[in-house]
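Please build the complex by placing chain A with the ligands on the supplied structure of chain H, with the hints as guidance.
Line by line, the protein sequences give chains H and A. Read in order, the letters of the first sequence correspond to residues 1 to 256 in this note's numbering. Read in order, the letters of the second sequence correspond to residues 1 to 306 in this note's numbering.
Please note: incorrect hints may appear among the correct ones.
Here are the simulated distance ranges between beta carbons [what the hints assert, rightly or not]:
(1) Lys273(A) with Asn89(H): 21 to 27 Å
(2) Ser292(A) with Val76(H): 49 to 55 Å
(3) Glu53(A) with Lys157(H): 52 to 58 Å
(4) Asn89(H) with Ile38(A): 30 to 36 Å
(5) Lys233(A) with Lys18(H): 55 to 61 Å
(6) Val9(H) with Pro87(A): 40 to 46 Å
(7) Asp32(A) with Lys66(H): 20 to 26 Å
(8) Lys273(A) with Lys66(H): 35 to 41 Å
The set of hints was computed from the structure by calculation and includes no laboratory data. All values derive from a computational prediction rather than experimental measurement. For every residue, glycine included, the Cβ atom is placed at its ideal position computed from N, Cα and C.
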Amino acid sequence: MVKRIENLVVVENKSLTKDYFILVLSCANKDISDIKPGQFVQVKVDKSHSTFLRRPFSVHDVDFSKNTISLLIKIVGNGTLALSGLKKNDTLNVIYPLGNSFSIPQPGKRILLAGGGCGIAPLLFLGKKLRSHGFIPDLLLGFKDVEQGLEIDEYNKIGRVYLATEDGSVGQKGYLTDHSILKSEKYDYVYSCGPEPMLKNIARYCKDRKIFCEVSLENLMACGIGACLCCVVDTVKGNLCTCTEGPVFNINDLKW
Amino acid sequence: MVNIGFNIGDLHFKTPVLTASGTFGYGSEFDDFFDVSILGGIILKGITLEPREGNPYPRMVETPSGMLNSVGLQNKGLEYFEKDIYPQVSAYNTNVLLNINGSTVDDYIALAYRINKLEKIPAVELNISCPNVKMGGMAFGTNTETARTVIKKVRAVYKKKLIVKLSPNVTDIVDFACIAQEEGADAVSLINTILGMAIDTKSMKPFLSTITGGLSGPAVKPAALRMVWQVAKAVSIPVIGIGGIMNTSDALEFFLAGASAVQIGTASFIDPKASVRIIEGLEQYLGEKGFSNIKEIVGYINKPNI
Ligand SMILES: Cc1cc2nc3c(=O)[nH]c(=O)nc-3n(C[C@H](O)[C@H](O)[C@H](O)COP(=O)(O)OP(=O)(O)OC[C@H]3O[C@@H](n4cnc5c(N)ncnc54)[C@H](O)[C@@H]3O)c2cc1C
Ligand SMILES: Cc1cc2nc3c(=O)[nH]c(=O)nc-3n(C[C@H](O)[C@H](O)[C@H](O)COP(=O)(O)O)c2cc1C
Ligand code: FES
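Isolated chain A (complex conformation):
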């Protein structure tokens, strides 16, 4: 038996494969396809204190080996979540994480404070990297001072596991990872989408209502992998790799670069079972290579013996 579990502190994940926020709904959208409880964890779509309608349609366009989205954190707010979604997601026999978002530092604090009380949510992913909102979002994650402030304040009220989701839209993502670690984050996840755009030459207008949007999918993978590698060398907290992972081989690259876990995003749109296939693939690969624990390959490329 190969051990593929991983931990953030004392929080155990039975597999190192989670689903990325905003790409897996509330999990129930996938119930018909497989037992979601197989996953190490699911990260629910981004939540805000108050309901948000998100950005106007069109919100997505396909681009070479990827897609741009500008959903803009559409969600029904925390109160609705507590009443209507929480009871339902609590039934999953896996870690259910919330991705939290704010327009102000106070929003983040209020959200974190209330979510801390939800017994079945063992961790949050602090999203300071959403490129699709006018106020807040990425603004917090692209300035070292504001990033530090929001992480510090959330850390002060949130007692469970805190993962900080980093923006790739910065000069040096390592700075932000180090700040997260210094301010007491339990893990970092990266990358969120890369700010991009596309123009329809027929209509001579941008495809997205917001002009710019977040790029995801295989197109971002090499950039994501590079950042995960850089960050993993610089911090001692677990690094969760995200970005264009479509299959087992893609996921393995992230582990070899130093990620302790991965998140599957856009891949679930094309193959709703991508995450389970990757779990199976990881077990098979490790078995074939003669490893008994996935930890043995985390950061393998940095090991002195190779």
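Isolated chain H (complex conformation):
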């Protein structure tokens, strides 16, 4: 897996809700077959004066036939706001692919993909990969409200989708981690991404039941390539870089 810096062309900027959008980027004739679920990219934001460092985003999807990668982005500040204004044919300077990836389970196991907010982003690519290995995972997706609820059509193609919203506007009311599916179903593997409090709850759920669980962390990053040591997470193996030794960690390695 060779890291590269490239100017990728925006093929599409799809607005989903007032906060979320998808950027589809063309990798032209470059070989992207080595990108794995869980990996991320570092994007240079040119059209925002207040954005100095690159911004990390998970690989949301890879279309190997069209040779595109897509990013699912939530607008939270100036960097993401500037990116939301990108137009078709604009270029974006991207360093990719970065970080490790989710592991592939043992055959025949039951899998849950649990994502909260923009943490659902890496789960689409992961879900597709799992499907290609013959798994049919369940998905549990959580949002604040229906406004933020995204088109989940793509996720429906992967497996059964369960929803939770904090205001109950769609799916079960409450946090994703309170969803009844977690009580009624038994999983062997859980893969999760989202806000840290949610991940900690998922980790506790899995630890109590001895379920294999990997979480993808979103620690603040400066370089994204292991050079600055800013993104560390405290693990049983000492401080590890989220950008190179993560973003995907087995919960048994975290001191949660």
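Leaving out everything else, chain A with the ligands in the frame of chain H:
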């Protein structure tokens, strides 16, 4: 052909562009992007005698045109370096320098003594300016007496090229540069980060776990440039300029102010190839301006004819 090489005594650097400690890992992080051996030298992340876990997360926050960090010298210590990193970095066909750090004068001496034996390390950068450690670090570099002591003692055991990295967090950095020169340093490098802080108004807490951290990036460049200019006028040993250099033009400002070489820091986070682009840019600029040697522009603004 333009000559952009530079020397610290008899130690030759093929280009005057090095990478700043703590911003370039051990070099290998950049192998995918370019051949690191093109650089004049790489200065590895700060090393201490014993392993250090560094400060708790969060350790960085973006600030206007820059960033604050409080990494706190996380590294696996000298023994690990000798066994696992040294063989690997020795393969680079350029000068590989170590940035050495201690909590006590004895730490610095022990480190310098052992590193002196590492054949492939031709120079060390004595870091007496790290703002992110409770013990030592900047404390050595902000008091003229302790600075003198640590430089003198390290000089006594370290036989190769000694660069002293100066802290900007002092009233007059020139005093410290002069002390370094008096105590036998072969060069000075400046600046390390400027002590700063930022507060999250949402949570009403400081962004960094350590409250304060070191500011780097374009935000520090004018201050760094001013200090390099002041120091270059005051000392006769080479001055290595550091601070917010993002591109060729930034680097040129430092040469014109009196730096014989520059280090690229935070810029590598945004453009991992920033240092190579700057090397190319320097050659092009000198060619276009009709200079044959970069030495001709070092301290150019101080030359009487302008
Ligand atoms: C490995 C990784 C993968 C990521 N994947 C995605 C993704 O797929 N989709 C997506 O929308 N976002 C993702 N993020 C988060 C994304 O990088 C940030 O939202 C983005 O950098 C914010 O930039 P900004 O300039 O808009 O906001 P800023 O102005 O920088 O910040 C706005 C607010 O958001 C907070 N914030 C910024 N970055 C983070 C972060 N990393 N974690 C928590 N809070 C943060 C700030 O503290 C501030 O309160 C990922 C982060 C990492 C580290
Ligand atoms: C994340 C980070 C880690 C650093 N670690 C060290 C270090 O270990 N030793 C040191 O002497 N300087 C360290 N520095 C300071 C840089 O080497 C440099 O002096 C400073 O960042 C100013 O240059 P810049 O603005 O080009 O980054 C660090 C800087 C950053 C941003
Ligand atoms: S972000 Fe620089 S080491 Fe991870």
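Each hint tested on the structure:
| no. | hint | in the structure |
| --- | --- | --- |
| 1 | Lys273(A) with Asn89(H): 21 to 27 Å | holds, 25 Å |
| 2 | Ser292(A) with Val76(H): 49 to 55 Å | holds, 52 Å |
| 3 | Glu53(A) with Lys157(H): 52 to 58 Å | violated, 44 Å |
| 4 | Asn89(H) with Ile38(A): 30 to 36 Å | holds, 34 Å |
| 5 | Lys233(A) with Lys18(H): 55 to 61 Å | holds, 57 Å |
| 6 | Val9(H) with Pro87(A): 40 to 46 Å | holds, 42 Å |
| 7 | Asp32(A) with Lys66(H): 20 to 26 Å | holds, 25 Å |
| 8 | Lys273(A) with Lys66(H): 35 to 41 Å | violated, 28 Å |
Checked against the numbered hints given earlier, the structure breaks hints 3 and 8 and satisfies all the rest.
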